[in-house]
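**Q** Chain residues, written in single-letter form:
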Amino acid sequence: MLNPISPSRNPAEAPLLQAIGMTKLYGTFAANDSIDLDLYPREIHALLGENGAGKSTLVKTMYGLIQPTAGELRWMGEKIVLAGPSEARARGIAMVFQHFSLFDNLTVAENVALGLDGKETFAAMSARLAQVSQDYGLPLDPNRDVWRLSVGERQRIEIVRALMQNPKLLILDEPTAVLTPQEADQLFVVLNRLRNEGRALLYISHKLDEVKRLCDTATILRGGKKVATCNPRQETAASLARMMVGAEIGEVKATTARATTVPRLVIKNLSLTPDDPHGVYLQDISLEVMGGEILGIAGVAGNGQDELFAALSGERASPAESNVVIDGEAAGLMSVTARRKLGAAFVPEERLGHGTAPRMKLSENALLTGHAASHMVNRGFIDRAAMLSMVDRATTTFDVRKSKRDPEAASLSGGNLQKFIVGREILREPGVLVVSQPTWGVDAGAAAVIRQALLDLSGRGMAVLVISQDLDELAEIADRIAVMFHGHLSEPLPRAAATREKLGLLMGGASAAQATPHKEPSHAVGA
Amino acid sequence: MQLVLEKRAERSAKIAIASPLIAIALTLVTMSILFAILGKNPIAALDVYFLQPLTDPYSLQEIAVKATPLVMIAIGLSLCYIANVWNIGAEGQFIMGAVCGSWLAVVTNGTGAGYWVLPAMLVLGTLGGALYAMIPALCKVRFGANEILTSLMLVYVADLIMDYLVRGPWRDPKGLNFPTTASFDPVATVPTLVEGGRLHAGSIVALIVVMLATVMLGRTIKGFEIRVVGAAPRAARFAGFSSDRLVLFTFAVSGALAGLAGIIEVAGPVGVLQPGISPGYGFTAIIVAFLGRLNPVGILIAGLFLALTFIGGEGAQITMKIPLDLTKVFQGVLLFYVLACDSLILYRIRLIATHRKPAHGAV
Chain A
1 MLNPISPSRN PAEAPLLQAI GMTKLYGTFA ANDSIDLDLY PREIHALLGE NGAGKSTLVK
61 TMYGLIQPTA GELRWMGEKI VLAGPSEARA RGIAMVFQHF SLFDNLTVAE NVALGLDGKE
121 TFAAMSARLA QVSQDYGLPL DPNRDVWRLS VGERQRIEIV RALMQNPKLL ILDEPTAVLT
181 PQEADQLFVV LNRLRNEGRA LLYISHKLDE VKRLCDTATI LRGGKKVATC NPRQETAASL
241 ARMMVGAEIG EVKATTARAT TVPRLVIKNL SLTPDDPHGV YLQDISLEVM GGEILGIAGV
301 AGNGQDELFA ALSGERASPA ESNVVIDGEA AGLMSVTARR KLGAAFVPEE RLGHGTAPRM
361 KLSENALLTG HAASHMVNRG FIDRAAMLSM VDRATTTFDV RKSKRDPEAA SLSGGNLQKF
421 IVGREILREP GVLVVSQPTW GVDAGAAAVI RQALLDLSGR GMAVLVISQD LDELAEIADR
481 IAVMFHGHLS EPLPRAAATR EKLGLLMGGA SAAQATPHKE PSHAVGA
Chain B
1001 MQLVLEKRAE RSAKIAIASP LIAIALTLVT MSILFAILGK NPIAALDVYF LQPLTDPYSL
1061 QEIAVKATPL VMIAIGLSLC YIANVWNIGA EGQFIMGAVC GSWLAVVTNG TGAGYWVLPA
1121 MLVLGTLGGA LYAMIPALCK VRFGANEILT SLMLVYVADL IMDYLVRGPW RDPKGLNFPT
1181 TASFDPVATV PTLVEGGRLH AGSIVALIVV MLATVMLGRT IKGFEIRVVG AAPRAARFAG
1241 FSSDRLVLFT FAVSGALAGL AGIIEVAGPV GVLQPGISPG YGFTAIIVAF LGRLNPVGIL
1301 IAGLFLALTF IGGEGAQITM KIPLDLTKVF QGVLLFYVLA CDSLILYRIR LIATHRKPAH
1361 GAV
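As you go down the protein sequences, you meet chains A and B in turn. For the first sequence, the residue numbers in the numbering used here are 1 to 527. For the second sequence, the residue numbers in the numbering used here are 1001 to 1363.
To be clear, the hints were calculated from the coordinates, so they are not data collected in a lab. Keep in mind that a hint or two might mislead.
List of simulated lysine-lysine pairs, DSS-like, C-alpha gap at most 25 Å [what the hints assert, rightly or not]:
#1 A/Lys-268 x A/Lys-341
#2 A/Lys-168 x A/Lys-119
#3 A/Lys-361 x B/Lys-1007
#4 A/Lys-168 x A/Lys-79
#5 A/Lys-207 x A/Lys-225
#6 A/Lys-212 x A/Lys-79
#7 A/Lys-402 x A/Lys-225
#8 A/Lys-404 x B/Lys-1007
#9 B/Lys-1014 x A/Lys-341
#10 B/Lys-1014 x A/Lys-404
#11 A/Lys-168 x A/Lys-212
#12 A/Lys-361 x B/Lys-1014
#13 B/Lys-1321 x B/Lys-1040
#14 A/Lys-361 x A/Lys-341
#15 A/Lys-341 x A/Lys-404
#16 B/Lys-1222 x B/Lys-1040
#17 A/Lys-268 x A/Lys-212
#18 A/Lys-402 x B/Lys-1014
#19 A/Lys-225 x A/Lys-212
#20 A/Lys-361 x B/Lys-1222
#21 A/Lys-402 x B/Lys-1007
Which stretches of chain A does chain B cover? Using the computed rule of at least three CB atoms under 8 Å from a CB of chain B, they are [said to hold, decoys possible]:
#22 356-364
#23 378-388
What follows is a list of derived Cβ distance ranges for each label pair [to be verified]:
#24 A/Lys-119 x B/Leu-1346: 38 to 46 Å
#25 A/Ser-34 x B/Ala-1036: 53 to 61 Å
#26 A/Gly-246 x B/Val-1004: 29 to 37 Å
#27 A/Gly-27 x B/Val-1215: 21 to 29 Å
In this text, a Cβ means the ideal position worked out from N, Cα and C, and glycines have one as well.
Based on the provided sequences and hints, a complete structural model is requested.
**A** Below is the structure:
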């Protein structure tokens, strides 16, 4: 639906912001290495790259949050030094962060007031807030408490706050990561409009389809260096991916003989009050995961996925033992350890601090989950050799790259640590695997290895439950997909029936009946 | 120019070893300045403090005697601190251990009871310390009461309980009204290791405790549990370890060790129960635990070093008229530097040139 033939910029136009030779060293590590970037008015410029490519570092220097080691910034031709974000804002640079900086217990207007440098009265500011949000079709109630708002609404606050500074350059850090496909479409309308008003936009992403649809120019970073600047509309998704990754990405393949047999993980009428006052109530969740299938749970973050994971892993006990059944055993009241002994394995979303103890060695992190059901503990004594052999097996089977045989978990890159964590669980040959955001923040190569491992596991007859925000990932590996919204779980849809549009509607809170297409067929957002 | 602390990528192993040494060096410099301000020759004072005790066999024995309770208590405390549990009340647990064990010595006094008395006293002392430590532990688990406050305040309660007993029901009738129990019978006394000396069998117990703690922390799943709960509580919960159970466990073990140290102290070098059985062992042991890097062998070395300051402090008081309170100042300054130097393990200090002072307010 959005295919704006951009009123492309006048070729004679001078760049608004030029970054020349931007370099940022951390010790000897170059997060940015001599990067040049020109941003023009009336243009949406994509900054593409995998996690760790240096995108965030670059934009933070352009917003004054980080001082570059070398290189200079030119604003409308004039050399500038940004000592802090308020100087950037004063010149007309605004930024919308991926992680929101909002106070949950304050209202929308109060939050906006805190982020502005202006000296207008609160009433005048509130009026302007209402005006801006109305003008751009970003509806917000200034008097609502932030904790009552959805993630999409919270992002609107950040965008409106940025727009109230009337910026010449707006930087957006992965803005669609937390949105449903429909919400993302609405955002694109706003961004196109901002471009047409003559503003420059810098759009950080790693979603290639999005960039192809929205952006006029794309700069691709890899390993801290600029690889290319190109017109994304003239590239294919595959060619962009090649530039981002620097190699072809292997496709994952399902084993052919996958037989759906008996339910190995059953959730029955699970309702749970959260520990955290701002947490999500789980409301009467029921689900059966068969041996030999991958069941995906989609949904925008913060709709109860964390609470569901804790209830399945046993970090949070269920009200009744029949709420969670693992391989026929009622496990709702069991501890994490007891559930592992039944053959269940769990991979949480947060790698450092939840899935691993960051400052402990990999062998000790193997023991973290292995003490329950592997032969690593003998009469209370730990078996170092068994721990190390688990590290070695995970290393070879899942291609974990590390500096020495047994380093601290925190010293591994995100992708390698995730391969280790997934490997640690899969090598125990669990009957049931529950994994949350398996490839979040992981490079494309590692993501392919992990997805393949999940497919292989289900191919061996195990039940795999994948909680993910990444619809592409679920479309690739899941046999059925259910959607979580406000603590409710929808009926799972077979993969063929789970179009992006239908999932998007469910993610936005439509009931299953509403989400079933009865009038118009899906349009451009279709997978 | 700006001085900043910059996070290191990995813990610096070198600094981890050097940190206590740097701290000791800084403490010596600070103390020299203090001695100079007091009008004493700093070199002579340091000589009396740190070198003379090492040249005299009597003082060497005395160092071992003083180090014994310090090491035993500090080992227990280190388990708490590794697990991020803050038992500050070892002094109280030490006293309650002494009181509970002494009860048997008092009631069997002069009855001609057999050799079972001392072992039974040690068991009672251990239990007494452990049970007394369960009060702050249970308050924390049940009601979320801050264990730093509760364990600390219970020190004064223990002190007053002992005071009441030795001035009241347990006072030695032949003691000329001094607040003390009767001298313990030989069967209620820890044997000495050297004829006519003060070195006693309790020091061997302390060494055994060091060895057991080393094995437990490095080789057992319980030790692993303690380390994970302290280092990454959420990962520990994911591993299936309960932090509540661990609060009870670490408090019980540290209370038991403090109690055992307490009964060994009264049944050994002191020989009676009386006020002032501890010159603050329970608090000094906190310094020992940190100076020893929460590592059992490190604690053994640190315990001997702190014992040296007690002996040296006494010597300095006698020969140079330096107030004994300065020993406490010394120990406090040392703890301060140890904790300060520890931040260098995870951070490095850097001088950074800035273009201008950064404008206020990041995001």
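**Q** Please write out, lowest number first, the hints stated earlier that are contradicted by the structure.
**A** 6, 9, 15, 16, 17, 27
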